[in-house]
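Q: The primary structure of each chain is shown beneath.
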Amino acid sequence: MVGTRRLRAAAALLALSFIALTACAPGQGTTSSKTGGTVHVLAVWSGSEQDSFTAVLKPFEDRTGIKVEYESTRDLDATLTTRVQAGNPPEVTGAPGFGTLSKFVKQGKVVALDNIVDMNALKSQYADTWIKLGQVNSQGELGSGKLYQVFSWAAMKGLVWYNPKSFQAKGYQVPKTWNDFTTLVSKVKADGTTPLCVTLESGAASGWPASDWIKEIVLSQSGSKVYDNWWAGKQKWSSPEIKQAWQTFGQLLGPGGANVYGGPKYMVATNFGDVGTPMFASPPKCYMLNQGSFITDFFVKNNPNLKPVQDFTFFPLPTINDQYAGSTVVAGDSFSMMKDTPQARELIKYLTTAGAQSIWVKRGGKISPNKNVAASDYPDETAKGVAQALAAEKTADFDAGDLMPSDMRNAWWGKTLDFVQDQSKLDSILADLDKVQASTSTGG
Amino acid sequence: MDLGQLLTVQLPTLLAVVIGVPAVLAGYIVVGELLVRRLPDGAQPGVRPWIWVGPALVFIAIFLVYPVFGTVYRSLLGRDGSSFVALSNYGRVLGDSAVVTAIRDNIYWLLLYTLFALLFGLLMAVLSDRVRYETPVKSLIFMPMAISFTALAVIWKFMYSYQPPGEPQTGTLNAVLNGILHVQPITWIQDERVNNFALIAAAVWGITGFAMVILSASLKGIPGELLEAARVDGAGQITIFRRVILPLLMPTITVVATTLVIFALKAFDIVYVTTAGNFHTDVLANRMYKELYLAGNFANSSALAVILLIAVIPVLIFNLRQFRAVEGRR
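If you read the protein sequences in the order shown, they are chains P and Z. If you count the first sequence from 1, position 332 lands on 332 in the numbering used here, and the numbers rise without skipping. If you count the second sequence from 1, you need to add 444 to reach the numbering used here.
The shape of chain P in the complex, shown without the other chains (with noise of 0.2 Å):
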């Protein structure tokens, strides 16, 4: 073995070289004029989506020289609570579920916005709903509280899209009662073209469009209040309300899927993004579908010679309870500070200014809830509609998905599939769903 004599020289050098190293051990970088430095963001947009909302980060980064680091995730509240319990969470991040934020508030993960952003700015620019959206309180109850998430965009729900042209060839007025579009459903299906196109993949978020349809018969058949307590887990999923909401969701889809392009089949097999494309086939393989205002964004992507209004444009989904009028399901792109860094207050401020948020409204899909974005910025005709429908309703409910927790949620999206490939399960569905809203109300 090495003599000792060696040995003692050798600790002595390396002594002398570690100490030497950490010498020159990096400092911090310098720093610019601007800014600088980095904030990491997660969100759930990717492809399009995402190019758009680098495009909404380029001024941003351009005039504070700050690097915005993004990662997509369609999966935002596994992501989220990961990388929260490492103790690594991104600075800004898309808010996840409200189930999730809540949780995150009560445990003090999440930084209050109210002395960050300008409030007395925000109250001016964004209507009530969307600041009382924003507050969660101490029990971690919505509408009340400090602020912990803003609004940049919205979308709104229960429209209904069709290709005018189609329409036309074929003599099909808009409906514009609940009995008109059944009646519609049935008169295309009696003309030989499945009526609906409806597609549902979406990886781990599969069916969520199937929920869609859900949440919106459920506030229009059985109104706000029936609506709110289901969210919150007062109301059983087996109840008679929910229940024929979803029997009504089933006389849609028709039996065994028969109105619906491709059947169960393609309904689970193909993406959200692609559910335009049959109805924008010619001849048309389907007539209408039901999406947030958002996919418009994809119609132009996947079939770039489509025009707005032209090609393209939606009626609201029919209330199906006239004493129900006025209310519509709404969803909305909000933003959490999950570390309180320079960097980070500066990303969150910007994300409010209707600067920011024109950008993206500029590009399509998106409509803000900022009063201060001027009505031209939308850039075409249909656009405008969803932004003027938008902030005509009366109750605007948000997204029942987003507000329940996040394993209720996803359990929801995975029974949307089995329902649609076989819709004599239901009763099963429903008592499987009622146990897991049984052991998320009781549990932690």
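Don't read these hints as lab results, they were simulated from the structure. Bear in mind the structure is a predicted one, so any value in this text is a computation, not a measurement. One thing to keep in mind: the hints can contain errors.
[Said to hold, decoys possible] Partner residues are not named here, just some residues of chain Z that face chain P (Cβ under 7 Å, in silico):
hint: 1; residue: Pro466
hint: 2; residue: Ala467
hint: 3; residue: Gly471
hint: 4; residue: Val474
hint: 5; residue: Glu477
hint: 6; residue: Leu478
hint: 7; residue: Leu479
hint: 8; residue: Arg481
hint: 9; residue: Tyr606
hint: 10; residue: Thr631
hint: 11; residue: Gln634
hint: 12; residue: Ala720
hint: 13; residue: Asn722
hint: 14; residue: Tyr737
hint: 15; residue: Leu738
hint: 16; residue: Ala739
[Claimed, not checked] List time: in silico DSSO-like cross-link candidates among lysine-lysine, alpha-carbon distance up to 27 Å:
hint: 17; chain 1: P; residue 1: Lys146; chain 2: P; residue 2: Lys371
hint: 18; chain 1: P; residue 1: Lys234; chain 2: P; residue 2: Lys106
hint: 19; chain 1: P; residue 1: Lys349; chain 2: P; residue 2: Lys106
hint: 20; chain 1: Z; residue 1: Lys601; chain 2: P; residue 2: Lys301
hint: 21; chain 1: P; residue 1: Lys285; chain 2: Z; residue 2: Lys601
hint: 22; chain 1: P; residue 1: Lys103; chain 2: P; residue 2: Lys146
Idealized CB from N, CA, C, for every residue including glycine.
Starting from the known structure of chain P, fit chain Z onto it as the hints suggest.
A: Then chain Z, alone, in the frame of chain P:
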């Protein structure tokens, strides 16, 4: 990239890591050796190995042993972590029909994944042994090992893509079925009769290279004289394979098989990316993930983790015994 940042931050960090980490390790060994030299000569051989292995043992204790015990303990507590509920978490988890489906699917993976990866690996190792085209064939079969399981899942998602019958098919398999064989296209990922097998097939495609390479190395270790002798005695190729090659390969086959079994029990990436566990393709690892990060239910997820651990223990013991037997034969 800013040059100033590069020189003042990134480069020194790189140097510190590349030189510093080995330096610390070497320093530790050197200092440890000096200390051992001070002991009486008789005691030195007993103490020295522990000094050398010390850091590794500490790491394993912190990052492996402690979490195992922590998880087992956590699985005996209630959802909020305060009440001791003994085995009721296990009862609830095993009674959940979704978990039962996951266990069934894990068994599919266990049996079929191991069997087919081993079979194809062995076949390719034997067929391509000592032939002219050995290297290109082996390289081709080994290439899928270079990609991550997530990339593999995405690729196969495209391969299994579905369009309604009569439409141009976007997935390779359905294009062959519908376009060439004029059979109805199948929703490989969503159809519960085939989806588990489709996912397992994709995974086997990814791992066959691994089995092949190890079996091939072992195959080449068989002395040529044995095969010559068998041939001289008049044995046909099949007999040589059955009576000479296979028995000699048995230890290696066992090692590969047990490794594959462990991979099968760990299956997660492919299921998560293609189906997120829907359509009855769920596996225990995916359920554990959902319970942990979606539901935030530490009790259930700990119970599932322990169940997986228990499932793997027999394999580990068997593997260890085999390893000792091989070592003993040296």
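Q: Hint by hint, note whether the structure agrees.
A: Checked hints:
| no. | hint | in the structure |
| --- | --- | --- |
| 1 | Pro466 | violated (10 Å) |
| 2 | Ala467 | holds (6 Å) |
| 3 | Gly471 | holds (4 Å) |
| 4 | Val474 | holds (5 Å) |
| 5 | Glu477 | holds (6 Å) |
| 6 | Leu478 | holds (5 Å) |
| 7 | Leu479 | violated (10 Å) |
| 8 | Arg481 | holds (5 Å) |
| 9 | Tyr606 | holds (4 Å) |
| 10 | Thr631 | holds (5 Å) |
| 11 | Gln634 | holds (5 Å) |
| 12 | Ala720 | holds (4 Å) |
| 13 | Asn722 | holds (5 Å) |
| 14 | Tyr737 | holds (4 Å) |
| 15 | Leu738 | holds (4 Å) |
| 16 | Ala739 | holds (4 Å) |
| 17 | P:Lys146 to P:Lys371 | holds (22 Å) |
| 18 | P:Lys234 to P:Lys106 | holds (21 Å) |
| 19 | P:Lys349 to P:Lys106 | holds (24 Å) |
| 20 | Z:Lys601 to P:Lys301 | holds (21 Å) |
| 21 | P:Lys285 to Z:Lys601 | holds (25 Å) |
| 22 | P:Lys103 to P:Lys146 | holds (14 Å) |
Consistency with the previously given hints fails for numbers 1 and 7, ordered from lowest to highest.
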